[in-house]
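Peer 1: With the hints as a guide, bring both chains together as one complex.
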Amino acid sequence: METDPLLMPFTITGVFFTKYNNTYSGFYVEPAEQTKLRHYLKPVLISGLGIPQPNVRMLESYRMDGAYFSGLNIPSRSVILSIPVTGDVQAKRAELFRTFSHDPAISRYTCYDLNLELSNNVILSLHKVVLVSITEELHGPRGQFLALTFLASDPWFYNTTVRQNTWEHTGGFQWDVDQEFDLDIMGTGIAYPTIEVTGVVYLLRVLNMHTHQEIGPLYLQTMEDEVITIVTDPLQERGVFSNIRGNIISHVGSNYESASLDFYLDPGFGANRIRIIGTAYGTLRVVTTWYDSYLGV
Amino acid sequence: MLTEGHGIYLVSITTARGVTYTFDGKTQLTLTAGTALPDTRVTNSAKPLQNYSYVEYRTLAPRKLTGRLQVKGRDQFDVWVKRQEMLRLFNPLYGPFTFNLAYPDKNDVFHLYNVILTDAMDSPLNVKSDPTYAEFPLTLTALDPFWYGASHSTTLDIGYNELTIAEGTAWLKPIVSAQGPVTDLTITNTIWDYEAPFILHVYGTIPAGDAVIIDCRQRSVSRASGALVALSHESTLASFGLIPASMGAKGLNRITVSSSDMNEGFQVTVDWQDTYYAI
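Protein sequence lines correspond, in order, to chains V and D.
FYI, the numbering for the first sequence is 23 to 319, going by my numbering.
FYI, the numbering for the second sequence is 997 to 1275, going by my numbering.
Same shape as in the complex, but just chain D (with noise of 0.2 Å):
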C-alpha cells in the first residue's frame, strides 16, 4: 500500500464488460466517504392550514462516493501508462461498474452496483514535483445505494416456508425464479399479521422446461425464453422485499406457494443477497 491509516481499501472493480482490476498497491483507491447513510428522499403530505405534516414515503437517493486514487511508476514514462489505466477503468463510457471492497481488517467483501464517475477526474501534471506519482480525487456515484454482502439461495416448497433472515440492515430484494411447469404462480410474503402480505402472481402458463424470473431489485420480470410475460395488477412488485432481523419481525418471512396448477419439474427458487444501508 502507498499510505497507511484511515479509509477503506478498495479491493476490485469489475468493469460493465466484465473485467475485473485489482488494485495493487502501485494504484490504490482510498474511500473518503460513502460508506454511511446516503441521502434520504422524503415525501411528506400537508393539509392546507394545517400546522404539521406526515412521512408518506422515504426512498435513498443515489450514493455519493468520494475517494483518492494514488498511481505509482516505475519512472515518469511508466506513470503514464499507469493513468491511461486507471483513465480506461473509470472511463464512464463503458457504463456502470460494480465496486467491491473489503476493510483491511475483515474478511467481509461488500458490493455497489452500477457505479460510475460523476465528476472529473483530473490529476495536474506538475513537471516540477514528483514525476513518478499522480493523484486524483475521485467522485463517484452508486445509482443502487445498497451496499451488499454475501449471497444466498434457497429453493422454496409448495405451501407454506418460513424463512428466517439474520444477516443485512435493509429490506432485501431477492430474485425468485420459478420453473415451469405452472399456471397462475402466487408467491406472498407476509410479515406482520395485521398488514397485507406482499404478493407476486404471474398470470397464464409457464410450460416445462421455461422459467419466470422476478428480480425485485430491477424491478423486472422476463421469461428465460424470452417470451413475453406480465405480473397481475394485485403484484407488489415495487415493494416486494425479504425483512431481515435487524428490520423487525425476528426477520422472519412467512412465505406461501400456490398456483391453480402445478406439474413435476416445478420449482421456485429465491436468491438474495444480504444488504445494508451504510457497512
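Same shape as in the complex, but just chain V (with noise of 0.2 Å):
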C-alpha cells in the first residue's frame, strides 16, 4: 500500500495557474480547444487552504437539548493571494485583471485551474477557479501588495496524478461473477471514480462495500469487445456509456445510486472495498481510475 504523499515532509514551492482559453460555440466546448497557459504568482502570503466552511445540517427535536447531526457538505472554498508589487501598483493590478479576467455570464468557460507546487513532486489543484477581487494593501512605498482573492466551486485540492486499479478474472463460459478487490483511495477528500468495463457480463452490479453504495444491475447483456464506462464525477458528463451503444443509463437499476451516479470512494475508510456482481462469460475486466483529493493543505 502506498503512503500518502501529504504524510511524508514537503512544502510548497510555488503557486501557477493554467487557463482554459476557450472558443465557444452555443453550449459545447470541445475539450481539445482547451489550451492552457501558465502564469506563475510568488506570493508572499496564501489563505484559504485549510478546511473551507462547512453547510452543518442540524435537526431539532420538540423540547430536546441540542440538536441530531443531519449531515454536511461543502460548498465552496476562496483563497486569497498576496503578491509584493514592486513600481507602479495600479498597472501591475490592471495587468493581473487583464490576465485574470473572465465574461461573468460563461465563467465556466473562462476560468482556471489553480496549482501548488509541492517540494515532493506533487502538483495539487484548485479547479475552475475564477478572480473576484484585488485589492491593494499600501505599506510605504517599499511594502505594496495585492491580494488577490479566487472563488472555487469545487473546493477540494486534486492530485494531478491520476491513480489507476485494473482487476481481472477470467472464469468458465458461463460463470458468476461474486469477486472483491480494494481500491488504494489516499487523501482527505471524497474521489468520484470512473470504471470502465470490458467482457460479456450480464446483470453487472458495482458496489462500494464501505460506503454501502452501488451501481446496477445492467440490464444488458455485453457483447464481445463492448466497453462499459461509468462516470460518476459531478464535474463531468455522468452517465454509463457503451462504446457500441451510447449512454445506456435508462438499462440500470433504480437504485439511488444508479439513478443520481451518486458512487464516490471515501479515504476514510482506508482502501475502499469494490465488490463486483454479475453473470459472464470468459474474461472480465474493470479498470478503475480516479484522483485522489484533498480537503485541505
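No lab work stands behind these hints, which were simulated from the structure alone.
Accuracy of the hints is not assured; some may be wrong.
In silico lysine to any residue, SDA-like type, Cα no more than 20 Å apart, as pairs [as the list claims (entries may be wrong)]:
(1) V:K41 <-> V:E139
(2) D:K1060 <-> V:V78
(3) D:K1078 <-> D:I1009
(4) D:K1078 <-> V:G290
(5) D:K1068 <-> D:V1007
(6) D:K1022 <-> D:G1145
(7) D:K1078 <-> V:P31
(8) D:K1078 <-> V:F32
(9) D:K1022 <-> V:P31
(10) D:K1068 <-> D:T1018
(11) D:K1022 <-> V:M30
(12) D:K1060 <-> D:T1026
(13) D:K1068 <-> V:L29
(14) D:K1078 <-> V:N143
(15) V:K150 <-> V:L170
(16) D:K1060 <-> V:E82
(17) V:K41 <-> V:V152
(18) D:K1060 <-> V:L94
(19) D:K1022 <-> D:T1010
(20) D:K1078 <-> D:P1133
(21) D:K1078 <-> D:R1064
(22) D:K1078 <-> D:T1018
(23) V:K150 <-> V:F122
(24) D:K1060 <-> V:N143
(25) D:K1060 <-> V:G93
(26) D:K1022 <-> V:L29
(27) D:K1078 <-> V:S141
Computed from a predicted model, the values in this text were never measured in an experiment.
Peer 2: Below you can see the structure in the form of C-alpha cells.
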C-alpha cells in the first residue's frame, strides 16, 4: 500500500495557474480547444488552503436539548494570494485583471486551475477558479501588495496524478461473478471514480462495500469488445456509456446511486473494497481511475 | 506545552471511526470559550393584549466552542505533515467526534459528544514568518450541549428502588436496559409527590436472551435482537431522567420496576454519566 504523499515531509514551492482559454459555440466546448497558459505568481501570504466552512445540517426536536446531526456539505472555497508589487501598483493591478479577466456570464468557459507545486513533485490543483477581487495593501513605498481573491466552486484540491486499478478475472463459458478488490484511495476528500468494464457480462452490479453504494444491476448483456464506462464525477458528464450503444443509463437499475450516480471512494475508511457481481462469459476486466483529493493542505 | 496560562488543555479526541488522538504539546488545542452555559432556547407563551408571558419550557442550543490549535514542527517540512494530520483529525466529512478534556490541575476528564467543525479551519501560510509553526483558529459545535463526566451503572430490583445521585448539575439521561424474559415492562421515576412520575412502558414480551435498550439521551428504543419494539403512548421518553442533588429533591430518584409477567433471568440495568451544564 502506498503512503499518502502529503503525510511525507514537503513544502509548497510555488503557485501557478493554468488557463482554460476556450472558444465556444453554442453551449458545448470541445476539450481539444482548451489551451493551458501558465502564469506564475510568487505570493508572500496564502490563505484559504485549510478546511472551508462546512454547511452543517442539524435537526432539532421538540423539547430536546441540542440537535441531531443530519449531514454536511462543503460548498466552495476562497483562496487569497498576497503578492508583493514593485513600481506602479495600479499598472500591475490592471495587468493582473486583464490576465484573469472573464465574462461573468460564461465563467465556466473562462476560468483557471490554481495549482500548488509541492517540493515532493506533487501538484495539487484547485479546479476552475475565478478571480473575484483585487485589493491593494499599501505599507509605504517599499511595501506594496495586491491581494487576489479567487473563488473555487469545487473546494477540493486534486492530486493531478491519475490513480488507476486494474482487476481482471477469467472464468468459464458462463460463470457467476462475485469478486472483490481494494482501491487504495488516499487523501482527505472523496473521489469520484470512472469505472471501465470490458467483457461479456449480464446483470452487472458494482458495489462499494465501505460506503454501501451500488450501481446496477445493468439489465443488459454486453457484447464482446464492448466497454462500459461509468462516469460518476459530478463535474463531468455523469452517466453509464457503452462504446457501441452510447448512453445506456436507462438500462441501469433504479436504486438511489444508480439514478444519481452518487458513487464515490472515501479515504476515511482506508482502502475501499469494491465488489463486482453479475454473470460473465470468459474474461471480465474492470479498470478504475480516479484522482485523490484533499479537503485542506 | 507550547504555551502556558489561561485555557483548558485538551487531552484527546476520539473520532467517529474510533481512533483516539492525544495532543502531545507539539500539537495543542486551547479552548477560549465553550465551557460555560450555552445559548438557551426559551419557548414563551403569551396571550393577545396581555402584558406578560410565561415560560413554557427551555432547552439548550448546541454548544459553540472556540479555540486555538497550535502546531510546531521540527522544520518547515515537518510542520506541513503535522498540518495534514490536524486537518484529517478535524475533517468534518468523517462525522462528529468525541471531545475529552481535563483541567491541568484536576484529574477529572470531561466529555463532549457529537462535536463537529462548523467554521473554516485555516492557517495562512506566511513565507516570511516562522515556517515551523502554524496556528489555526477553531470553531466547533457540540450537538449535544452537555458536558459528561464519570460513568455509573446500577442494577434495579423488581419493585421499589431508591437511587440517589450526588454529582452533576443537569438532568441525567440514562440508558435503561432490560434483559428478558419480561412482559409489559413498566419503569417509573417519581421525584416529587405532587407531580406525575416519568414513565417508560414497553409493550409486549421480551423473550429470554433478548434485551430492550432505551437510550434517553438519543431518544431511541431498540432491541438487542434487532426486532421491532415500541414504547406505549403513556411513556415520557422525551423527559425521562434522573435528578442530581444540585437540581433538588436531594437527588433522590424513587424508581419502580413492574411487569405483568417476569421470569428468571430478568434484569434491569441503568447506565448514566454525570452531566453538567457547565464545567
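Peer 1: If you check each hint against the structure, which ones fail?
Peer 2: 6 and 24
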